[in-house]
Amino acid sequence: MNDEKATSPNGLPELPPRMSDEEWEAHWARIEAETPRQLNEEEMEQMRDLDWAMADPEINRLYPDKVVAVYRRQVVAIGDYMNEVLKEAERVTGRPQNLIAAVPILGSKSLFANH
Amino acid sequence: MLDIPLRERRKDYMTDQGRLARARRPFVQVEFTDQVQGYFRRAVMVDTCAPFSVLPYSLWHDKNLWWQPLGSQLQTLTGQPDPEALKWCGVPCLLAETQAVLVDEAGQRSRFCRMVAKFLTTLLPRQLESSIILGYNFLFDNSITMKLHPASPITVGSFSNVVGFLTVP
Chain A
1 MNDEKATSPN GLPELPPRMS DEEWEAHWAR IEAETPRQLN EEEMEQMRDL
51 DWAMADPEIN RLYPDKVVAV YRRQVVAIGD YMNEVLKEAE RVTGRPQNLI
101 AAVPILGSKS LFANH
Chain B
116 MLDIPLRERR KDYMTDQGRL ARARRPFVQV EFTDQVQGYF RRAVMVDTCA
166 PFSVLPYSLW HDKNLWWQPL GSQLQTLTGQ PDPEALKWCG VPCLLAETQA
216 VLVDEAGQRS RFCRMVAKFL TTLLPRQLES SIILGYNFLF DNSITMKLHP
266 ASPITVGSFS NVVGFLTVP
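Heads up: the sequence lines are chains A and B, in that order.
Note that the working numbering numbers the first sequence so that position 4 is 4, with each residue one more than the last.
Note that the working numbering numbers the second sequence so that position 21 is 136, with each residue one more than the last.
Chain B with its partners taken away, still in its complex shape (with noise of 0.2 Å):
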């Protein structure tokens, strides 16, 4: 078991009524394998509002991972198509499998873990494109706790901001 330190990135705004309003994100350290190079790692946004995780067309495409489809088109259960359901900001996406490892501060390797996702078949505007999600089946299907802690903030080794743990099993 691993406990992988959730870390808060965020930016700070202030109304035009002189109030603090701070925008927050949980991340986790997540690493990839490449055909080629070998493994690389990302700072990933934890979304647990996403039912899927989502990688966005330049690292799964232009980075080599290693995958494999699901299909393109989500159907309801009646066999009815449903495209809404297989795009992200609506850009048309597959559903494919990859595996990655989540790494904690001490740098040590989780277990490989399933990763279900909408893989985006184009490039998205720039300040998208770099946005890799991992979403709430992540959690599902590797049996993954997560405990929040946003309101008390903590360090864990190197890492600051720390307010909460997925635990791999």
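Next up, chain A with everything else stripped away, as it sits in the complex (with noise of 0.2 Å):
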């Protein structure tokens, strides 16, 4: 990962000017009525991958602890980190990020690292 991202030199991200209330429920109410209130036929394969690779035995047996991105039930990227794993889907399947299923797998040290 690029460390020059991980902090800045006072150890905290630079902040945001912050909205006002009202503006931040306008801003977010705008948001909503542009929204659909149902995913559309490609964000449910979405979801029906990512449910697969939630599910799928074998990819479970082998991936613990890393990051899966899968695009029609076939595994396109592993990594540990999901914005990289993301990044090499887009580039194997050419569809944008926010449309490609990515879950990180469970293993024992994601189970239990802060349990």
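Source of the hints: derived by calculation from the structure; they are not laboratory data.
All values reported here derive from a predicted model rather than from experimental measurement.
Heads up, a few of these hints could be off.
[As the list claims (entries may be wrong)] Straight line, CA to CA, 30 Å or less: simulated DSS-like cross-link-like pairs of lysine-lysine:
# : chain 1 : residue 1 : chain 2 : residue 2
1 : B       : K262      : A       : K109
2 : B       : K126      : A       : K87
3 : A       : K66       : B       : K126
4 : B       : K202      : A       : K87
5 : B       : K126      : A       : K109
6 : A       : K109      : B       : K202
7 : A       : K87       : B       : K262
8 : A       : K66       : A       : K87
Build the complex: two chains, separate frames, hints provided.
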């Protein structure tokens, strides 16, 4: 990953200016008004891929603690970080990242690191 | 009102005495709003023992979420800084807010829900960086009801291993 992005000199990212509560609510009201209530077919297909990746025994056996990207029930990228995996999956499939299913596979490290 | 299936993901272990030990976690499908590419969805762990939701650095920062800060430090009510309160796995966080949508098995979106979360300020070790947590505050802030029946999983539409529902009013 890009270490330069990981921390700013003071250890915290630069904070954006805060909208007023009224502006913030109006901002989200606009986005909500533009958002269809139902996923479209492409988005549904992505959800089915996500579902498949989470449930597939072979993927869960082979890739614990990895992130796996799937397109049309095929694994198209594997890696350690979600954003890297999505970039690779975008390159392989030519699809925009937001329409590629990617999921962290359960493993002992992810299950028990904070529990 | 929309019922969002809580799906169980599991990993099986065997003890050295030959006993099955099954680790389980409930997940929901959550949709975030990216300022550039629009909506994107993630499988998000529901953890009612987490006082606040948790968003990894690579999610809120690299994906250009719409968000705004609520503070970079928590204090006691007498004004004393409490730096430990705003950490996750030892890593400093911001307290910030965004909004998110829950998605059901038929692809229906809930209303937009307020998500106040610990926003991690650095990358975590790889196995944790992809962990997104829906904390107890998310249920409170959005008047969401949770029902669990982990001992009797059902299939809902194409979703198997449904062990409960979040009902979004």
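Checking against the hints above, which ones are violated?
Violated hint (a single one): 7; every other hint is consistent with the structure.
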